[in-house]
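J.: Here are the chains, one letter per residue:
Protein chains: 2
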Amino acid sequence: MERYVCGDCGHIYYSNPKIVVGSVVVHDERIMLCRRAIEPRKGFWTLPAGFLEEHETPEDGARREAKEEADCEIELDALLAVYSVPRISQVQLMYRARLRNSLFAPGTESLEVALFAWEDIPWTELAFPSVKWALNHYRETKDQAVFTPGTNPLV
Amino acid sequence: MERYVCGDCGHIYYSNPKIVVGSVVVHDERIMLCRRAIEPRKGFWTLPAGFLEEHETPEDGARREAKEEADCEIELDALLAVYSVPRISQVQLMYRARLRNSLFAPGTESLEVALFAWEDIPWTELAFPSVKWALNHYRETKDQAVFTPGTNPLV
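Here the protein sequences come in this chain order: A and B. Residue 1026 is where the first sequence ends in my numbering, and the numbering goes up by one at each step. Residue 1026 is where the second sequence ends in my numbering, and the numbering goes up by one at each step.
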């Protein structure tokens, strides 16, 4: 295992997989997407999501990311999916959520934020595969109170 | 946010929450527990679990930990629970699993490994709260093909 050691103090920095937390946020049966203002995939549409911070629960992290990226208050409903991207050592926890009110606006990392009816989702302009997976798993389970969280599709 | 910067190269090492992966492993309706050979909580019983490694999926990590701690082959069945311990910046993904055969033995981090009937579980000698939570959520959902993964109990 590769390790980073500080030249000054000898402290070993273990490199670990990172956790991304995010949400499929719904309002009036439309789904929130954010157009990315930053790389990677600048200009493409994504779910409000980002890296979990130290001493933060995944649920708090998902709410914080919605606030930061779409300036909105959300209520989490269920764990929608757990995706992993081992190539980049990432585990994503995606929640099913709703807007607490109809207010939202682009945060600094978003060019725009919009609510899309299912038939209007810009499928060819989604930023990451897991955005598509999460949207589809939301669609399949949206009327179910109890369901199995999604995982990566078998390839 | 506190950051570590290498004195030699200036590289910033972000400190992120860590992912623990583990399993409630069942065989003949008995549940596998491992008695810890290492601190913290040496001598107490735990589930086969440990830190997810770089470029590893959570499922692969859970299987690896069962192999390392109990020298057994397991088959994952479902995501049992997602627990978080924000005080120590930890997120735990716990799976429901079964032994592929009846073979198991203590790994280097276990003093002993044993299968317990529900009524024989050493509740007062469990290593961590989340071990108890996972065992109880397993018990509540073990006959359900579709269920909601457990989360931290409300406190």
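I should point out that these hints are in silico values taken from the structure, not numbers from a laboratory. Bear in mind that the values here come from a model prediction, so they are computed numbers and not experimental data. Wrong hints could be hidden among the right ones.
Pairs count within a copy or across copies, as identical chains cannot be separated in the list.
[Unchecked claim] Taking lysine to any residue pairs in the SDA-like style, the calculated list, with each CA pair at most 20 Å apart, reads: (1) 938 - 1024; (2) 889 - 953; (3) 889 - 960; (4) 1013 - 974; (5) 889 - 925; (6) 913 - 887; (7) 913 - 931; (8) 889 - 909; (9) 938 - 1023; (10) 889 - 983; (11) 938 - 908; (12) 1013 - 960; (13) 913 - 1010; (14) 1013 - 925.
J.: Evaluate each hint against the coordinates.
T.: Hints and how they fare:
no. : hint       : in the structure
1   : 938 - 1024 : neither (29 Å within a copy, 25 Å between copies)
2   : 889 - 953  : both (13 Å within a copy, 15 Å between copies)
3   : 889 - 960  : both (6 Å within a copy, 12 Å between copies)
4   : 1013 - 974 : neither (22 Å within a copy, 41 Å between copies)
5   : 889 - 925  : both (11 Å within a copy, 9 Å between copies)
6   : 913 - 887  : neither (26 Å within a copy, 24 Å between copies)
7   : 913 - 931  : neither (25 Å within a copy, 32 Å between copies)
8   : 889 - 909  : within (19 Å within a copy, 25 Å between copies)
9   : 938 - 1023 : neither (27 Å within a copy, 23 Å between copies)
10  : 889 - 983  : neither (26 Å within a copy, 32 Å between copies)
11  : 938 - 908  : within (16 Å within a copy, 44 Å between copies)
12  : 1013 - 960 : neither (29 Å within a copy, 31 Å between copies)
13  : 913 - 1010 : neither (26 Å within a copy, 46 Å between copies)
14  : 1013 - 925 : neither (31 Å within a copy, 33 Å between copies)
In this structure, the earlier hints numbered 1, 4, 6, 7, 9, 10, 12, 13 and 14 are contradicted, and the remaining ones agree with it.
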